[in-house]
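Residue numbers (the numbering used here), protein chains in the order written: chain A, 1 to 114; chain B, 1 to 111.
The hints are simulated quantities; they were obtained by calculation from the structure and are not laboratory data. Ideal placement from N, C-alpha and C gives every residue a C-beta, glycine not left out. One thing to keep in mind: the hints can contain errors.
[Stated by the list, open to error] In silico contact screen, one side only, chain A against chain B (beta carbon under 8 Å); selected entries:
#1 8
#2 43
#3 90
#4 102
#5 105
#6 106
#7 107
#8 108
[To be verified] Listing some non-contacts, in silico: residues in chain A with all C-beta distances to chain B over 10 Å:
#9 7
#10 17
#11 41
#12 78
#13 86
#14 101
[As the list claims (entries may be wrong)] Here are the simulated lysine-lysine pairs, DSS-like style, with alpha carbons at most 30 Å apart:
#15 B:79 - B:106
#16 B:79 - B:45
#17 B:106 - B:45
#18 A:11 - B:103
#19 A:70 - B:45
#20 A:11 - B:106
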Amino acid sequence: DAGITQSPRHKVTETGTPVTLRCHQTENHRYMYWYRQDPGHGLRLIHYSYGVKDTDKGEVSDGYSVSRSKTEDFLLTLESATSSQTSVYFCAISETGGSGNTIYFGEGSWLTVV
Amino acid sequence: RKEVEQDPGPFNVPEGATVAFNCTYSNSASQSFFWYRQDCRKEPKLLMSVYSSGNEDGRFTAQLNRASQYISLLIRDSKLSDSATYLCVVIYGGSQGNLIFGKGTKLSVKP
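Looking at chain A on its own, in the form it has when it is part of the complex (with noise of 0.2 Å):
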């Protein structure tokens, strides 16, 4: 296992309130990502992390923010959920970034946005 816990698991909430998951890994990793992956449009990248306070945006970070304050936590915050956020999400976690590089996979977080 490559140690990443995801919280909370499964989650069901209410159009327009706030929500944030939690990555949390233990292998000291410099690289953090958030994805989602939904039906037909496969794995999209939200945003990234490169270190502590450094982050950037992928292919689908509108009405997503990240913050990582430590190298062990990256959290996804969505401030005011639509049903269209509805979806899987994935964190994953690599040592060096660039190429030849493995990335690892938390267990995922499943939103249901009602």
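Position chain B relative to chain A; hints supplied.
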């Protein structure tokens, strides 16, 4: 937009069959290639990296064809436990923001 394309399947094969998946990519500057396996309602897990010279791990063989811009995965002597979705992954350049996943090919191995 940089694309990675896979046949979504499903590929329905009997136990013991040999099955092959292809994945095409659009950017010739792609540097690294991987195959991941994803079981239903589980996270993707690394199956194998793909090297220019081709590589084999037991019943699994991965190959890269840079001229035609595709990677392949061959599974020999299919087992029921091979049933899953197989994702190809391409990394462009040195930034982790340039990692692109295919949508996956679903394999179902039947008794």
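Evaluation of the provided hints:
1. About 15 Å separates the beta-carbon of residue 8 (chain A) from the nearest beta-carbon of chain B, more than 8 Å, and the hint is not met.
2. Contact between residue 43 (chain A) and chain B, as hinted, is supported at the beta carbon level, the nearest pair being about 4 Å apart and thus within 8 Å.
3. Below 8 Å, beta-carbon pairs count as interface contacts, and residue 90 (chain A) has one with chain B at about 6 Å; its hint therefore holds.
4. Hint on residue 102 (chain A) holds. Least Cβ distance to chain B is approximately 6 Å, under the 8 Å limit.
5. Because the beta carbon of residue 105 (chain A) sits about 4 Å from the nearest beta carbon in chain B, less than 8 Å, this interface hint is met.
6. Satisfaction of the interface hint for residue 106 (chain A) is found here, the shortest Cβ-Cβ separation to chain B being roughly 6 Å, below the 8 Å cut-off.
7. About 5 Å separates the beta-carbon of residue 107 (chain A) from the nearest beta-carbon of chain B, less than 8 Å, and the hint is met.
8. Nearest Cβ of chain B to the Cβ of residue 108 (chain A): about 5 Å, under the 8 Å cut. The hint holds.
9. Every CB of chain B lies more than 10 Å from the CB of residue 7 (chain A), the least distance being 14 Å, so the non-interface label holds.
10. The Cβ of residue 17 (chain A) lies farther than 10 Å from every Cβ of chain B, with a closest approach of about 25 Å, so its non-interface assignment holds.
11. Here residue 41 (chain A) does not stay apart from chain B, with its beta-carbon only about 7 Å from theirs, under the 10 Å limit.
12. The Cβ of residue 78 (chain A) lies farther than 10 Å from every Cβ of chain B, with a closest approach of about 20 Å, so its non-interface assignment holds.
13. For residue 86 (chain A), the requirement that its beta carbon stay farther than 10 Å from each beta carbon of chain B is met, with the minimum near 15 Å.
14. The claim that residue 101 (chain A) is not at the interface with chain B is violated, since a C-beta of that chain comes within 10 Å of its own (minimum 7 Å).
15. With a C-alpha separation of about 14 Å, the suggested pairing of residue 79 (chain B) with residue 106 (chain B) holds against the 30 Å cut-off.
16. Restraint check for residue 79 (chain B) and residue 45 (chain B): satisfied, since their Cα atoms lie roughly 18 Å apart, inside the 30 Å limit.
17. Using a Cα cut-off of 30 Å, the hinted pair residue 106 (chain B) and residue 45 (chain B) holds, with the two alpha carbons roughly 15 Å apart.
18. Pair hint residue 11 (chain A) plus residue 103 (chain B) holds up; C-alpha atoms about 25 Å apart against a cutoff of 30 Å.
19. Taken as a hint, the residue 70 (chain A) and residue 45 (chain B) pair is honoured in the structure, with Cα atoms around 25 Å apart against an allowance of 30 Å.
20. Restraint check: the Cα-Cα separation between residue 11 (chain A) and residue 106 (chain B) comes to about 27 Å, which is no more than 30 Å; the hinted pair holds.
When held up to the earlier numbered hints, the structure conflicts with 1, 11, 14 and fits the remainder.
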